[in-house]
Every structure is written in C-alpha cells, then in structure tokens.
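Here are the chains, one letter per residue:
2 protein chains.
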Amino acid sequence: MNIVLLSGGSGKRLWPLSNDIRSKQFIKIFKDENGDYESMVQRMYRQIRAVDENATITIATSKNQVSAIHNQLGENVGISVEPCRRDTFPAIALATAYLTDVIKVDPEEPVVICPVDPYVEMDYFEALSDLADIARRGEANLVLMGIEPTYPSEKYGYIIPKNDDAISTVLSFKEKPDMQTARQYIEKGALWNGGVFAYKLKYVLQRAHEMIDFTDYQDLYAKYDTLEKISFDYAVVEKEPSIQVMRFSGQWKDLGTWNTLTEAMDEKVVGDAQMNENCSNVHIVNEIGVPILAMGLKDVVISASPEGILVSDKEQSSYIKPFVDEMDQQIMFAEKSWGSFRVIDVEDESLTIKITLNAGHRMNYHSHDYRDEVWTIIEGEGKTIVDGMEQPVKAGDVVTIESGCRHTIIADTELKIIEVQLGKEISVHDKHKFELEE
Amino acid sequence: MNIVLLSGGSGKRLWPLSNDIRSKQFIKIFKDENGDYESMVQRMYRQIRAVDENATITIATSKNQVSAIHNQLGENVGISVEPCRRDTFPAIALATAYLTDVIKVDPEEPVVICPVDPYVEMDYFEALSDLADIARRGEANLVLMGIEPTYPSEKYGYIIPKNDDAISTVLSFKEKPDMQTARQYIEKGALWNGGVFAYKLKYVLQRAHEMIDFTDYQDLYAKYDTLEKISFDYAVVEKEPSIQVMRFSGQWKDLGTWNTLTEAMDEKVVGDAQMNENCSNVHIVNEIGVPILAMGLKDVVISASPEGILVSDKEQSSYIKPFVDEMDQQIMFAEKSWGSFRVIDVEDESLTIKITLNAGHRMNYHSHDYRDEVWTIIEGEGKTIVDGMEQPVKAGDVVTIESGCRHTIIADTELKIIEVQLGKEISVHDKHKFELEE
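Order-wise, the sequence lines are chains A and B. Just so we're aligned, residue 1 is where the first sequence starts under my numbering, counting upward by one. Just so we're aligned, residue 1 is where the second sequence starts under my numbering, counting upward by one.
There could be a bad hint or two in this list.
The list treats identical chains as interchangeable, and a pair is accepted whether it falls inside one copy or across any two copies.
[As the list claims (entries may be wrong)] DSBU-like mimics (lysine-lysine), calculated; alpha carbons at most 30 Å apart, straight line:
no.	residue 1	residue 2
1	Lys424	Lys383
2	Lys174	Lys239
3	Lys188	Lys155
4	Lys336	Lys383
5	Lys239	Lys416
6	Lys298	Lys155
7	Lys63	Lys394
8	Lys104	Lys162
9	Lys104	Lys174
10	Lys394	Lys383
11	Lys268	Lys176
12	Lys162	Lys63
13	Lys431	Lys416
14	Lys433	Lys202
15	Lys174	Lys31
16	Lys174	Lys431
17	Lys223	Lys202
18	Lys394	Lys416
19	Lys63	Lys416
Treat the hints as calculated values from the structure; they're not laboratory data.
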C-alpha cells in the first residue's frame, strides 16, 4: 500500500501542549504495546506497519514539522515537504509527484491520502487497504472513505451516496451543515467526509499537468511558491463525475479539542501528577518537571508545558483558540531532528536554554551576528568545532562562543548542555549556516 | 509599644507557594497602598508602623526564616532567633530576654505577643496598643485578647470570661471543642483564644528564672538546645490565677488554607493568568514565568510555583497536607538576605539555578567539597573573589569554580547569574563558610 499522511495544523486548540511548531499529532499521550508513550503520528505509523509492513509511507508536511517528524519517526521516513503553504491541491500534487519521481512508484499504482490526526484502530487501516484495492480496480477515478455518522455533527462535510451498498457511486457532496440539516442528511443515508481517499497516481498527475506547467517533482518543488492556493476539493473532487465511496463503520475520532483528546487517553494522568479521591472525569497531562496536585475537581482537563498551564472544564476547552491567539508567545520547547531544546530562563538581554543532543547527532555549523553564547556541558561526551578548531568536550567543560564565531557540537554519547545566550537582540532568525569541511 | 511577632510554621497547607523554608507569611499576595504586592509579614509590619511609628518590633523565629525576613523587612528589623525548636515558652522567654538585655527595654514595660499570620485591619493594632496599656496598669499579670466568635469553630481554644465587660477576669480556658460544645461555650459568652497577650517583661523573666537556670539573654541563647520543650500555655497560663481578657470584635482571620487565603485576596489573579467569562469564584496565584489559562471553573484555586501546581476545589484545599507530606521534594526557590534563587534545571549530576543578588549585597565566602560551579553573569556588574583573587565581572563574563575553591560574588548593581553546579553528590549541606580578609 502507498499511503500519504497529511500532517498539518498549528494546533492552538491543544495549547499549551501544541504550538506553532508542535502540532497536536506530536504530543505523546497514548501508550504503545510496550507501555511507552507515543504521539498520534507515531501511533498511526506503527498501526500502518502492523497492517502492511511493506507499506510506502510518505508524510506530506510543511518545513517546520520536518525536525519533529524525524525526531519521532527516525531518519528514514519518506517526507514530501511543501516549501510553503499552498492549500491541499498543490500539496497532494507534490506528494503524488514525489511518489512517482523520487520513490519511483508505478503511476498505475493507487495511493491512499489521509490526515494524520484521526484516532483510529486497526480496522481503519484494513479499510484503507481496501480503499487502495478499489482504486486499483479503476471503476472510478477517485474512491472516498465515507464514515458512518454517530451523531448529526456540524463539524464535517457529508457525502451523499447513491445507495447503501458497501461501495456506492457518490451522488453529491455537502458542506458542513447546521444540526437540523445534518439530521436530514443522515436520514437520507449521508456519510461523513473525513478527507480520506484513494486514486491511481497517474490520475492526480494528469490533473496537475492540466492545471500547472511543470515537468517533474523537482520542477514542481522549485516553482511551488508560484502556485495558486486551491483546495483539492475545489480543483479535483467537484469537477470529477466518477467518484465512489466506501462505507466505514469502525472507530474514527477527531481529537481536535482537549475534550475529545482526553476521551482517547489510555490513562487519566500523563506525567508527574496526582489527584485526590474526590476528582471525577479529570485528565492531567504534565510535561514540566514539577508535580501537579488536583483536588475535588469534576470534568476538568489540566495540561502543563514549558509554554503555559491550562485548567479547563472539558466542554469549555473547545473555546480556547481566541485566548491562545492573543498570547503570541515565544516558542519555549521544540523537538529537532538532532534532539530537543527547552527555554529555562528569559531575561531582557539573555536567554538560557537546555539542549539535549542525541548520540551520533550534531547541530548545524552556524554563527550568530548579535549574540554571544556560553555552553556548559552537563552530561555526555562529544566534540565542538569552533572556527574550524575541533576539541573534545565532556560534562563540566565550558565553551564560550563570541558573536560571528562559527560553531557546532557533535554528540558521541547523548549530550546535555546549558546554553546561555547573551545580547541585546536575541532572535531565532539571527543565524548563518555553513558547510563543515572535514 | 513593644511587640513580638511569632513567626513559625512550615506552611505545607499552602503548597506549592509555601515550603519548608518559605512559610505562608512570606507569600506576596496582598496589595499595599501603592498597589505593590506584599506578604502577610510585610502587611503586618506596615500596619504596626502606621499605628505606632516608634513601635519596637521583634520577630521571634527560627533560623531558617531569618533570610526571608531580612529580604522582606530589611536589615534593621529586630529578630530573636531560636537556635532550635523548643516550643512556645522557651521562645517567648528568649524574646523577652532579648528585649530587656539586647534592646534594653525597661523590664517594667509591657510587651504584646502575637502570631504573625492572622489577617487583620488597623483596629486590631489599636487593640494591641490597648492591650499593652492594660498590662502596664498591672491589674493582672497577663492580659489576653479574646476574639468575639463569628461561628462555633472547632479550630480554636476558647476563653471563658467572668462577665461580658470590655475587660474581664478570665474564669477558665477550654481546649478546641467539637461544634456542639463550641455552641455551648459561645452561649455562655466564650471568646476565641487567638494566642495574643500582653505582660510586663519582668513577669515572664521571673517565670523563666524560676524554671530555667540562666543569667541573661546570651546565656539563655547558649543553652537553648538543653531546654525542655514546653508550651507557654502549660508553663505559664494554666498556673496563673491573675489573668484578664479584653474583647476584640474587629476582623480577625486565620488564613491557614487556600480557601480562607483566597477570601482575603484583593484581586482574583496574582501573576500571569487569565480566565474566561465562565469562571466563577476562581482565584489564581502564579509565581512562574508562563501563563495560566482557566476556563469554565467554579470555586477553584490554582496556584503555581517552581515547586508545583495545585488545582483544587476551594473546600477540598484544606485536605492538602497528607499529599504534600508525601512529596518530600527539593527546595526549588528561596528568598535569601542577599536576594533570591530559583532552581531551573535538575539532572542526576548537575543542578542549574538562577541567582539574583541585590545591589550592595554579597554571598558568603564559601567553598564546596564535591562540586564544581560555572557562573555566567547575565545581568549587572560586581566583583568576584576566588581563592583571594578579586576580579570585576559584568554581564557576559564566565567564572569557573572548582571544588575546594573559596569564592564569593559582590553585587555593585543588581546581579543575575546562571549557576551550573556539577558533581556526583550535589547537596545544600556541602558548604564551608570562611571569613573574608579585606
């Protein structure tokens, strides 16, 4: 099976555990078979591999998620990176070209496109495999998954099938309705449109060539920023007369709010937290190093990260977005391809961060114009390169780096570093990257 | 007026804002006339000064509160330090000897003893002044304040006065009763015993000399650890036939739990926090550098410090103690006479703290046996002395201090320092202090 996972979203609804660079799919709150915590993207990746260990999995995403994806799924995962945001049609066209031109998949082969964030069980992936098989048969150009509605939701678009067969021709699509209308749709046998569909690669390639002047993946990638923003629905689905829908009645949950997310949690508490016996329906996710104590609460979610603390009635948590929009705060933690960092102190003219560099990894070789840095190695062994000079370092060593100075650090074992940044204008944008001559 | 404020308590009931070294009286949650936050002890100190600007105020406390008292009340406040804990009679005897022998107050003068933690208004201090005047008249050896009960509390001892005059002879004292009994006491005109009383200094000195073999304050201080643990009630009050009580009907609140403390807060929020319009009777005290967002909560207190986060129904918050007793955690922040510190990162073999040294102050000259330290100055100017070598330092400078090395830092302006401690056995007890030769 060829599968493209669409990984997008800014995830403000799950503040403070998601932020501009960590979307909700990277929060580790589920448990795998070994009892280790895993994120939505790790869970889905594992589930796909369990259903089809030879699946070609490609993550279609934006630049700012690449580090987190490598951190959570390893270096070898296929990623189709959008150079900039251009809505779903260009993104899907790019991923399709990536599969044929980079991964060299036969254009006659089907691919399944699905969002990375629904919370599903194994039967969902078996259904995706069925969806690919139906697309391979080629009775229609596009095959959608139609999810059997469990309630008249206003949050989803609806698919009206011709009949109630397992596989049916699509009569029409409906935009997100009000509840009244949703009820009527459901009475007529409508299905939720979860944005999951399959097609033969050549089909979308052809549509893409009709609308965009490009030769291959590299060319499409190079001119990506010139493309029109247009959704896949508008560009393809609405114009296509030959569409089938396959019913799916298994578990399919959209975990977009704290309310729905906590319903899917295996345990009431993730991280250092406890509650007294008078708490009911309380969930706590604690990603900071100090304990949380909850007493006498009902229907409440508590979540804490280096960016803030949310304490919310579960129902009310869906109204979080405007509050978070106004915060506009500094990124306080991130997962990078080489490890992770966390801001531990902020002053006007200094910023102190704790860096964890995974064994065998290195930072980019880089310099800053407007800040000096002091590294104190607190754990591990490795080497630094400062203006071309290589030096071994270990716990207890201090490295001072003046502005303008090129530097990197390479971890032989896992390295932990306290980095103090000093300057009047400290900014993530003050960075020049260089190639390292070795 | 001579007044001794008894400042004790471990303050676990107000976790995470109080801990073993910061008792509840040091939490800054009230507002003074200028709109600045002040603690209970600062508030009480300010109120006494407003009623009697020449009052001799002495704080009777244990060693571990001295730094916080100097930090909040300045260097010139009178402090009678108990070398170790020996219950209230030795503590009051020591403070009494301190007043006569160190401050040189005439033993014929009265003194008022009161706990530092009730939440009161100015009329309370006028009543204390009256209490001193009554003691000066000498109709009785001991004059107590009797607080008019507002409900049949099980938390306080009761004083049974002979009659309902403003000043009356005491008939008897009653231990904390059950609610039924409390009702009966109140019907008989009983008053709450808030532990507030006045006496002529010579009276307690005489009792002390009868029970303890000592010459003066210095001698009593020197043999303090050999003294028997005995309460003032047991040693003095129960044996004294000549006791008066003065009624007090003004505001007097014991802010011992989050529930009662939040009732006395001037604002619903202290620190970086917001709540949506569906919160009612919610109070937030946030002492950490990240925002708190509360949504749809009712009757809840949220408080956050570098030691943890409490989210509790207000009623339930009074049951916090057993949970906190079990935590037994590291001290993560403290106010010192020279400034303050906060732990910002903890690893097995390193500890990173942020130190703020107030202008004109210095650390003790000291060394450690089992750890190295790295100081990165992030703000201010001053000088370091390392093994006798003095050196000016400013923001951006790095000082490395190996184990065994004597060191201190002196703040010319306010200094902020990131200190990384490195070693296999990092402990607050690993410290040798030295005199500095200048």
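Comparing the hints with the structure gives:
| no. | hint | result |
| --- | --- | --- |
| 1 | Lys424 / Lys383 | both (29 Å within a copy, 22 Å between copies) |
| 2 | Lys174 / Lys239 | within (14 Å within a copy, 89 Å between copies) |
| 3 | Lys188 / Lys155 | within (18 Å within a copy, 67 Å between copies) |
| 4 | Lys336 / Lys383 | within (19 Å within a copy, 39 Å between copies) |
| 5 | Lys239 / Lys416 | neither (55 Å within a copy, 64 Å between copies) |
| 6 | Lys298 / Lys155 | both (26 Å within a copy, 29 Å between copies) |
| 7 | Lys63 / Lys394 | neither (33 Å within a copy, 40 Å between copies) |
| 8 | Lys104 / Lys162 | neither (36 Å within a copy, 101 Å between copies) |
| 9 | Lys104 / Lys174 | neither (36 Å within a copy, 90 Å between copies) |
| 10 | Lys394 / Lys383 | both (8 Å within a copy, 29 Å between copies) |
| 11 | Lys268 / Lys176 | neither (32 Å within a copy, 40 Å between copies) |
| 12 | Lys162 / Lys63 | neither (40 Å within a copy, 83 Å between copies) |
| 13 | Lys431 / Lys416 | both (21 Å within a copy, 26 Å between copies) |
| 14 | Lys433 / Lys202 | neither (39 Å within a copy, 78 Å between copies) |
| 15 | Lys174 / Lys31 | neither (36 Å within a copy, 57 Å between copies) |
| 16 | Lys174 / Lys431 | neither (48 Å within a copy, 73 Å between copies) |
| 17 | Lys223 / Lys202 | within (21 Å within a copy, 94 Å between copies) |
| 18 | Lys394 / Lys416 | both (10 Å within a copy, 26 Å between copies) |
| 19 | Lys63 / Lys416 | within (26 Å within a copy, 37 Å between copies) |
The structure is inconsistent with the numbered hints 5, 7, 8, 9, 11, 12, 14, 15 and 16, although it conforms to all the rest.
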